[in-house]
Each structure stands twice: as structure tokens, then as C-alpha cells.
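Modelling step: build the complete structure from the supplied sequences, incorporating the hints.
Just add 3 to the spot in the sequence shown (first one is 1) and you have my numbering.
It cannot be assumed that every hint is accurate.
Computed beta-carbon distance windows for the label pairs [as the list claims (entries may be wrong)]: (1) Pro70 - Ala165: 33 to 43 Å; (2) Leu123 - Ile145: 19 to 29 Å; (3) Leu147 - Tyr78: 26 to 36 Å; (4) Gly61 - Ser164: 24 to 34 Å; (5) Asn68 - Asn175: 16 to 26 Å; (6) Asn68 - Lys180: 22 to 32 Å; (7) Lys71 - Ser101: 19 to 29 Å; (8) Gly100 - Leu140: 39 to 49 Å.
No more than 30 Å apart at the CA atoms, straight line, and that leaves these computed lysine-lysine pairs for DSSO-like [claimed, not checked]: (9) Lys88 - Lys59; (10) Lys143 - Lys169; (11) Lys180 - Lys75; (12) Lys59 - Lys180; (13) Lys150 - Lys88; (14) Lys180 - Lys142.
Note that these hints are calculated values from the structure, not bench results. Even for Gly, the Cβ is constructed at its ideal location relative to N, Cα and C.
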Amino acid sequence: IQAISAWNIRRLLPDRGRRKMMMAKVLQVGAHEELMLTYYRHFQSNNVLFDYVLRKGGVDFRFKNDPKFDGKLYYITSMQASPIKYIKELREVIRSGSYTHVHLHAGWANIYGLIACIGLNVTTISHNHNFYAASSLIKKFIRLFLKIVINSLADYKFACSADAGKQMFYGNWSVLKNAINYEKFTF
Numbered sequence: 004i005q006a007i008s009a010w011n012i013r014r015l016l017p018d019r020g021r022r023k024m025m026m027a028k029v030l031q032v033g034a035h036e037e038l039m040l041t042y043y044r045h046f047q048s049n050n051v052l053f054d055y056v057l058r059k060g061g062v063d064f065r066f067k068n069d070p071k072f073d074g075k076l077y078y079i080t081s082m083q084a085s086p087i088k089y090i091k092e093l094r095e096v097i098r099s100g101s102y103t104h105v106h107l108h109a110g111w112a113n114i115y116g117l118i119a120c121i122g123l124n125v126t127t128i129s130h131n132h133n134f135y136a137a138s139s140l141i142k143k144f145i146r147l148f149l150k151i152v153i154n155s156l157a158d159y160k161f162a163c164s165a166d167a168g169k170q171m172f173y174g175n176w177s178v179l180k181n182a183i184n185y186e187k188f189t190f
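Following this line, the structure appears as C-alpha cells:
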């Protein structure tokens, strides 16, 4: 396990003019959206462009009217509504841009984004934010299968904690702590 800071991730990123796509299952108002914006604000000053994929009909990206936000927002069918349609629409979005990276933040559902990226010549980043135990033997077997596939398809693997990383990844992966102000999200 290699612990790295969010700011050292720059070595993975391209020069301005090539776009990096930031993915999330759902950008909800709160900590997850704040994490995405923290990435965006930092890397924007370092010549990296971020675009975001959001769920059609879901909570909208609250920073889309921020004058400093120059990324694109894409709205596609949710994974829950139709995994196949989600994969197809995501592939179309990736093909339409000059993306070098796709950064997935959907936990075990990262598998859908990784499948969508097959053959598209993009670097994939699978990022696990949570650790939670499987509630049944069937879920344990499903996760074992997902773990094998995710590890074989992801180019880079990050987790927000050692437990989250061990749960989802084999071999080389890095801890990348959440880049949010936890004081804003305590209750």
C-alpha cells in the first residue's frame, strides 16, 4: 500500500487541451460533491480539465454556475435504471471527447464504467471510498468476482482508507484520503 497525497496525483494527468473525465455514480449535495469540486479547483490551476458524468434526473451539480467551472456536464441513464444503457451512453460520451483518463467513484459499481472503457484507449482509475462488510455469503461471492474483474480492468486503484482498499483491490493500490473539510460534514 502506498499512501499519496491528492496533489501528487498530477503525475497521472495530461496537459491542458486533453480532458480528464471525472465520474461518479451520483453527485449528491454534500461530501461527495465537495470532494469532486476540491479535485476540480486544485487541478484546474494545474492545467487539467475535468468533465463530469451525472445521472439523468438526479441531483444536479451545484457548482455548474460557478464562473471558475469550465468543465462539461454529461447526463446519462443511471446504472440502476439500465446498466446496459448506462455503459452504452458512457462509451458514447468518452468517444466524443479527447479523454485521457476516466476516474470512477462508484464503489463496486465501478465495474460498469470499466466495462464501458474497454477498447477506448483511456487510462482508468477505480476509486473506492467506503468499506462495508458483505451481508450474506452470496454477496461475498459476488464481491469476489467483482474484485477480480475490477483489478484486471483498472489501470490505477485508489481507496480512501486501508480497509476500503483491501476490500476492493489486490496488488498495488494507493490510499488517497478524501480531500474534503470534514468539519463541514459533521453532525
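Verification of the hints:
A hinted range of 33 to 43 Å holds for the C-beta pair Pro70 and Ala165, which are about 39 Å apart. Taking 19 to 29 Å as the suggested C-beta distance range, the pair Leu123 and Ile145 conforms, at roughly 26 Å. Take Leu147 and Tyr78: their Cβ atoms lie about 33 Å apart, and the range 26 to 36 Å holds. At roughly 26 Å, the beta-carbon separation of Gly61 and Ser164 lies within the given 24 to 34 Å, and the hint holds.
The beta-carbon spacing between Asn68 and Asn175, approximately 39 Å, falls outside the hinted interval of 16 to 26 Å. As the Cβ distance of Asn68 to Lys180 is approximately 29 Å, the hint placing it in 22 to 32 Å holds. In this structure, Lys71 and Ser101 meet the distance hint of 19 to 29 Å, their C-beta atoms being roughly 21 Å apart. At roughly 42 Å, the beta-carbon separation of Gly100 and Leu140 lies within the given 39 to 49 Å, and the hint holds.
Pair hint Lys88 plus Lys59 holds up; C-alpha atoms about 12 Å apart against a cutoff of 30 Å. Only pairs whose Cα atoms come within 30 Å are accepted, and Lys143 paired with Lys169 is accepted, the gap being roughly 14 Å. Among the hinted pairs, Lys180 with Lys75 is consistent with the structure: their alpha-carbon atoms are about 25 Å apart, no more than 30 Å. At roughly 28 Å between alpha-carbon atoms, Lys59 and Lys180 fall within 30 Å of each other, so this suggested pair holds.
Proposed proximity of Lys150 and Lys88 is supported: the alpha carbons are some 23 Å apart, at most 30 Å. Between the alpha carbons of Lys180 and Lys142 the distance comes to roughly 26 Å, so the proposed pair stays at or under 30 Å and holds.
Consistency with the previously given hints fails for number 5 only.
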